[in-house]
Amino acid sequence: MLKIKFMSNLRAILDKKSINLDIEQEKELAELLKIIGNKIKSKFEIIKKEKDHMVLKLYVNLNGQESYITMRVKFLYNNEFISMDKKIKDGELQILPLLGGG
Numbered sequence: 000m001l002k003i004k005f006m007s008n009l010r011a012i013l014d015k016k017s018i019n020l021d022i023e024q025e026k027e028l029a030e031l032l033k034i035i036g037n038k039i040k041s042k043f044e045i046i047k048k049e050k051d052h053m054v055l056k057l058y059v060n061l062n063g064q065e066s067y068i069t070m071r072v073k074f075l076y077n078n079e080f081i082s083m084d085k086k087i088k089d090g091e092l093q094i095l096p097l098l099g100g101g
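For the sequence shown, numbering that gives the first Met the number 0 begins at 0 and goes up steadily by one.
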């Protein structure tokens, strides 16, 4: 079981604190973002992938209007910052938006 925690302003945007994913095998962050997007009825698009962070577009429905938010995010896996090519299966993954946007 992989627990996904949404941190900072991402928590308010999605109106969720966390979700649980039951995945069978290790997945890269890009694959996990697709699964997370489906689970929250939204979509993440990777704009730029650096070694220690990603710039993402999060497509959301705000007050009935389709929109997107661009953000720079880091990922913490079991309370440690991870590189963007790490494969993940079980534990806790925190998605942490950084100040300054994309």
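Just so you know, the hints here were simulated from the structure itself, not pulled from any lab data. These numbers come from a predicted model, not from an experiment. Some clues are possibly wrong.
List of simulated lysine-lysine pairs, PhoX-like, C-alpha gap at most 20 Å [to be verified]:
1. 15 <-> 50
2. 4 <-> 16
3. 2 <-> 73
4. 47 <-> 73
5. 33 <-> 88
6. 48 <-> 15
7. 26 <-> 88
8. 40 <-> 2
9. 86 <-> 33
10. 26 <-> 48
11. 2 <-> 33
12. 50 <-> 38
13. 4 <-> 73
14. 48 <-> 86
15. 4 <-> 86
16. 40 <-> 16
17. 42 <-> 26
18. 26 <-> 47
19. 85 <-> 33
20. 85 <-> 16
21. 15 <-> 85
22. 42 <-> 56
23. 47 <-> 86
24. 73 <-> 15
25. 15 <-> 47
26. 40 <-> 86
27. 56 <-> 38
28. 26 <-> 50
29. 86 <-> 15
30. 33 <-> 48
31. 16 <-> 33
32. 56 <-> 33
33. 40 <-> 85
34. 2 <-> 38
Structure-inconsistent hints, enumerated in ascending order
1, 6, 12, 20, 21, 25, 26, 29, 33
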